[in-house]
Amino acid sequence: MALTDKDIKKLSHLAKINISSDDEMIVLKKLDGIMKLIDTMQKIDTTDVQPMSHALDIYQTLRDDVVTEKNQKEKFLQLGPESNEDYFIVPRVVE
Amino acid sequence: MKDLSLNELNQGLKNKDFSSVELTQYYLNQIKDLNTEINAFITIDEEKSIQQAQQADQLISQNHISELTGIPIAQKDIFCASSWKTTCGSKMLDNFYAPYDSMVVDLFNKCGAINLGKTNMDEFAMGSSNETSYFGAVKNPWNIDFVPGGSSGGSAAAVASGMAPAATATDTGGSIRQPASLCNLTGLKPTYGLVSRFGMIAFASSLDQAGPMAKTAEDCALMLNVMADFDERDSTSIKRDKENYTQSLNASLQGKTIGIPKEFFNDELNDDVKIILEKVMQAYQSLGVNIKEISLPNSQLSIPVYYVIAPAEASSNLSRYDGVKFGYRASNYKDLEEMYLKTREEGFGDEVKRRILVGTYVLSAGYYDAYYLKAQKIRRLIADDFTKAFTECDLILAPSSPSTAFKIGDKTEDPVAMYMQDMYTISTNLAGLPAISAPAGFINKMPIGFQLIGNYFEEAKILNFTHQYQSISDWHKYSPGGVL
Numbered sequence: 001m002a003l004t005d006k007d008i009k010k011l012s013h014l015a016k017i018n019i020s021s022d023d024e025m026i027v028l029k030k031l032d033g034i035m036k037l038i039d040t041m042q043k044i045d046t047t048d049v050q051p052m053s054h055a056l057d058i059y060q061t062l063r064d065d066v067v068t069e070k071n072q073k074e075k076f077l078q079l080g081p082e083s084n085e086d087y088f089i090v091p092r093v094v095e
Numbered sequence: 096m097k098d099l100s101l102n103e104l105n106q107g108l109k110n111k112d113f114s115s116v117e118l119t120q121y122y123l124n125q126i127k128d129l130n131t132e133i134n135a136f137i138t139i140d141e142e143k144s145i146q147q148a149q150q151a152d153q154l155i156s157q158n159h160i161s162e163l164t165g166i167p168i169a170q171k172d173i174f175c176a177s178s179w180k181t182t183c184g185s186k187m188l189d190n191f192y193a194p195y196d197s198m199v200v201d202l203f204n205k206c207g208a209i210n211l212g213k214t215n216m217d218e219f220a221m222g223s224s225n226e227t228s229y230f231g232a233v234k235n236p237w238n239i240d241f242v243p244g245g246s247s248g249g250s251a252a253a254v255a256s257g258m259a260p261a262a263t264a265t266d267t268g269g270s271i272r273q274p275a276s277l278c279n280l281t282g283l284k285p286t287y288g289l290v291s292r293f294g295m296i297a298f299a300s301s302l303d304q305a306g307p308m309a310k311t312a313e314d315c316a317l318m319l320n321v322m323a324d325f326d327e328r329d330s331t332s333i334k335r336d337k338e339n340y341t342q343s344l345n346a347s348l349q350g351k352t353i354g355i356p357k358e359f360f361n362d363e364l365n366d367d368v369k370i371i372l373e374k375v376m377q378a379y380q381s382l383g384v385n386i387k388e389i390s391l392p393n394s395q396l397s398i399p400v401y402y403v404i405a406p407a408e409a410s411s412n413l414s415r416y417d418g419v420k421f422g423y424r425a426s427n428y429k430d431l432e433e434m435y436l437k438t439r440e441e442g443f444g445d446e447v448k449r450r451i452l453v454g455t456y457v458l459s460a461g462y463y464d465a466y467y468l469k470a471q472k473i474r475r476l477i478a479d480d481f482t483k484a485f486t487e488c489d490l491i492l493a494p495s496s497p498s499t500a501f502k503i504g505d506k507t508e509d510p511v512a513m514y515m516q517d518m519y520t521i522s523t524n525l526a527g528l529p530a531i532s533a534p535a536g537f538i539n540k541m542p543i544g545f546q547l548i549g550n551y552f553e554e555a556k557i558l559n560f561t562h563q564y565q566s567i568s569d570w571h572k573y574s575p576g577g578v579l
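Which chain is which? The protein sequence lines are A and B, in order. Under our numbering, the very last position in the first sequence is 95; numbers go up by exactly one each time. Under our numbering, the very last position in the second sequence is 579; numbers go up by exactly one each time.
The set of hints was computed from the structure by calculation and includes no laboratory data. We put the beta carbon where it would ideally sit given N, CA and C, even for glycine. Hints are not guaranteed to be accurate.
[To be verified] Derived PhoX-like pairs: lysine-lysine, alpha-carbon spacing no greater than 20 Å straight-line:
no.: 1; chain 1: B; residue 1: K186; chain 2: A; residue 2: K16
no.: 2; chain 1: A; residue 1: K16; chain 2: B; residue 2: K429
no.: 3; chain 1: A; residue 1: K75; chain 2: B; residue 2: K180
no.: 4; chain 1: B; residue 1: K437; chain 2: A; residue 2: K10
no.: 5; chain 1: B; residue 1: K506; chain 2: A; residue 2: K29
no.: 6; chain 1: B; residue 1: K506; chain 2: A; residue 2: K30
no.: 7; chain 1: B; residue 1: K387; chain 2: B; residue 2: K369
no.: 8; chain 1: A; residue 1: K36; chain 2: B; residue 2: K506
no.: 9; chain 1: B; residue 1: K387; chain 2: B; residue 2: K374
no.: 10; chain 1: B; residue 1: K351; chain 2: B; residue 2: K556
[What the hints assert, rightly or not] Okay, the calculated beta carbon distance ranges per label pair:
no.: 11; chain 1: B; residue 1: Y463; chain 2: A; residue 2: D45; range: 14 to 24 Å
no.: 12; chain 1: B; residue 1: D509; chain 2: A; residue 2: T61; range: 39 to 49 Å
no.: 13; chain 1: A; residue 1: D45; chain 2: B; residue 2: F537; range: 49 to 59 Å
no.: 14; chain 1: A; residue 1: T61; chain 2: B; residue 2: I538; range: 40 to 50 Å
no.: 15; chain 1: A; residue 1: S83; chain 2: B; residue 2: D464; range: 34 to 44 Å
no.: 16; chain 1: A; residue 1: T68; chain 2: B; residue 2: V511; range: 42 to 52 Å
no.: 17; chain 1: B; residue 1: D189; chain 2: A; residue 2: S20; range: 15 to 25 Å
no.: 18; chain 1: A; residue 1: V49; chain 2: B; residue 2: R415; range: 25 to 35 Å
no.: 19; chain 1: A; residue 1: A2; chain 2: B; residue 2: Y463; range: 45 to 55 Å
[Unchecked claim] Just so you have them, the derived chain B footprint on chain A, three or more residues with Cβ under 8 Å:
no.: 20; segment: 4-16
no.: 21; segment: 24-31
no.: 22; segment: 41-55
no.: 23; segment: 71-83
Based on the sequences and whatever the hints tell you, model everything.
Right, dumping it as structure tokens:
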């Protein structure tokens with residue numbers, strides 16, 4: 001199934017990546033090539049095949065629920081582009 | 096000090112032929128001389144490296160010396176190292192100083208190794224040529240008009256050019272083995288889960304695996320002895336007893352079997368590469384190994400399956416780069432939505448954006464079953480092929496890359512042509528198996544490797560087979576400056 005410019009607009013919105021109107025056709029052409037490559041797998045019959053999400057089919061390991069590291073709030077807040085003593089700052093979202 | 100193996104460097108430090116400070120300074124000088132041209136390193140911090148070397152010299156003076164104490168190791172810039180700039184090759188993280196050490200960096204620190212610097216890489220490890228890095232393309236030390244491979248191209252070029260004795264690397268679809276092949280190095284991708292992913296910036300979490308890149312199998316074994324360890328901070332880390340990977344390097348190969356997958360040795364395989372691989376087979380036969388044809392019938396589907404699974408996981412992993420908690424934030428926006436849209440438009444390069452968009456598409460409502468679930472089912476078929484093949488052979492021999500290095504710029508406009516670089520490496524990532532690439536010879540003065548794939552946790556066997564080959568061949572002794 002070929003992609004359309006409408007798909008590109010939707011993907012840009014879902015992935016939160018702005019795509020300028022100049023770039024739209026270039027992105028569409030390259031994505032379409034990749035989807036054609038991907039679609040070659042559709043010819044394979046996978047009835048009754050169990051999907052594989054982890055190479056070794058192991059269970060997730062769990063650890064005891066204990067504190068392992070000290071509070072590093074200040075260190076992590078400093079990494080933010082904009083923060084005060086308690087929060088990361090973003091543009092206002094509620095009036 | 097140039098071109099000494101890790102073992103020889105260890106002996107030199109033990110015998111006080113040179114100190115760790117002298118050794119580290121030697122490599123820092125090499126970097127000063129060569130990096131402007133090769134561009135293998137993104138970040139060097141002479142002060143930090145020398146300080147670590149001074150501490151190592153203290154340990155050595157008290158006879159506290161293990162195999163890698165005092166030896167400088169280059170770290171791929173995907174591994175967080177406390178207070179080091181850690182960029183993952185992206186503008187998005189150009190201002191990011193890691194607040195903690197990754198498990199891999201921590202293990203090297205604990206054994207007294209020196210962090211020599213952070214190596215260049217394709218942005219977020221997405222690429223096979225190291226051309227997608229925000230910090231510029233890396234040049235292949237064998238010919239600077241050519242790519243070093245990717246995504247661990249900086250690590251490969253650093254070791255191949257003599258700027259580092261060994262380096263760490265990561266492999267999601269071939270990113271250790273393909274650059275090793277293109278730069279005449281030995282590079283091992285371990286079994287999924289053997290090396291901790293904690294603090295290793297995530298690309299495709301069910302495929303990402305860290306491993307060593309060095310000149311020889313013996314050096315890779317010494318590196319893996321440090322890197323392989325259980326880590327409860329990585330939920331997919333495997334709990335098992337630590338192995339000594341140098342122990343069985345010299346075991347005889349008499350009576351062992353190498354499988355040759357007929358699907359890899361078909362008409363599509365480049366004739367020159369085929370001739371070189373046939374010579375590798377003959378060398379193994381001279382060591383008493385039987386060669387047997389096997390079949391991996393679904394291996395041809397690896398690339399389409401990978402380009403569903405890896406972008407899907409990447410689109411989820413990279414959603415964290417939103418300009419809020421760390422990394423780049425756009426400067427002009429009118430509201431939160433526009434801040435996200437512009438931050439990600441400006442912060443990511445084209446290839447990363449492409450993969451996020453593909454991943455978003457295959458996971459979007461109505462397409463999940465047709466793409467992601469379908470790919471996961473074929474992934475099972477690909478893994479089952481290997482399980483069956485290993486009932487007939489010890490290891491599988493395959494090409495590492497379809498050809499020698501290509502020219503910088505040759506494949507940048509055609510993503511699908513670039514993806515084909517990994518046609519022989521991706522299936523082992525999907526199955527989670529260990530595999531190595533080691534030097535096999537030269538075509539038109541450019542190096543090429545061969546690949547050996549093993550069953551789960553058979554790194555020791557892979558290293559043994561490779562070491563035995565390297566004991567009767569000398570391709571690994573060639574460096575861009577000549578034969579060692």
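Now for the hints, and whether the structure bears them out:
1. Among the hinted pairs, K186(B) with K16(A) is consistent with the structure: their alpha-carbon atoms are about 17 Å apart, no more than 20 Å.
2. Between the alpha carbons of K16(A) and K429(B) the distance comes to roughly 15 Å, so the proposed pair stays at or under 20 Å and holds.
3. At roughly 15 Å between alpha-carbon atoms, K75(A) and K180(B) fall within 20 Å of each other, so this suggested pair holds.
4. Taking the CA atoms of K437(B) and K10(A), the gap is near 16 Å; set against the 20 Å cutoff, the hint holds.
5. Between K506(B) and K29(A) the CA atoms are separated by roughly 16 Å; this keeps the pair inside 20 Å, and the hint holds.
6. For a cut-off of 20 Å, the pair hint linking K506(B) to K30(A) stands: about 13 Å separates their Cα positions.
7. Distance check on the hinted pair: K387(B) and K369(B) sit about 16 Å apart at the alpha-carbon level, within 20 Å; holds.
8. At most 20 Å may separate the alpha-carbon atoms for a hinted pair to count; K36(A) and K506(B) meet this at roughly 18 Å.
9. For the hint linking K387(B) to K374(B), the alpha-carbon distance of about 15 Å falls within 20 Å, and the restraint holds.
10. Taking the CA atoms of K351(B) and K556(B), the gap is about 11 Å. The hint holds against a cut of 20 Å.
11. At about 19 Å, the CB distance of Y463(B) to D45(A) agrees with the hint of 14 to 24 Å.
12. Distance hint for D509(B) and T61(A): a CB-CB separation of about 42 Å, consistent with the stated range 39 to 49 Å.
13. Between D45(A) and F537(B) the CB atoms are about 43 Å apart, so this pair departs from the stated range of 49 to 59 Å.
14. Separated by about 45 Å at the C-beta atoms, T61(A) and I538(B) satisfy the suggested range of 40 to 50 Å.
15. For the hinted restraint 34 to 44 Å between S83(A) and D464(B), the CB-CB distance of approximately 41 Å keeps it satisfied.
16. Between T68(A) and V511(B) the beta carbon distance is about 45 Å. The supplied range of 42 to 52 Å therefore holds.
17. The hinted range of 15 to 25 Å is satisfied by D189(B) and S20(A), whose Cβ atoms lie roughly 22 Å apart.
18. Look at V49(A) against R415(B): about 32 Å separates their beta carbons, and that is inside 25 to 35 Å.
19. In this structure, A2(A) and Y463(B) break the distance hint of 45 to 55 Å, their C-beta atoms being roughly 20 Å apart.
20. Residues of the segment 4-16 of chain A lying with their CB closer than 8 Å to a CB of chain B number 8, which satisfies the three-residue condition for coverage.
21. As drawn, the segment 24-31 of chain A meets chain B at 3 residues by the rule of a beta-carbon pair under 8 Å; at three or more, the given contact holds.
22. Counting residues of the segment 41-55 of chain A whose beta-carbon sits less than 8 Å from any beta-carbon of chain B gives 11, enough to reach three: the coverage restraint holds.
23. For the segment 71-83 of chain A, the assignment as covered by chain B holds, since 7 residues bring a beta-carbon within under 8 Å of that chain's beta-carbons and 3 suffice.
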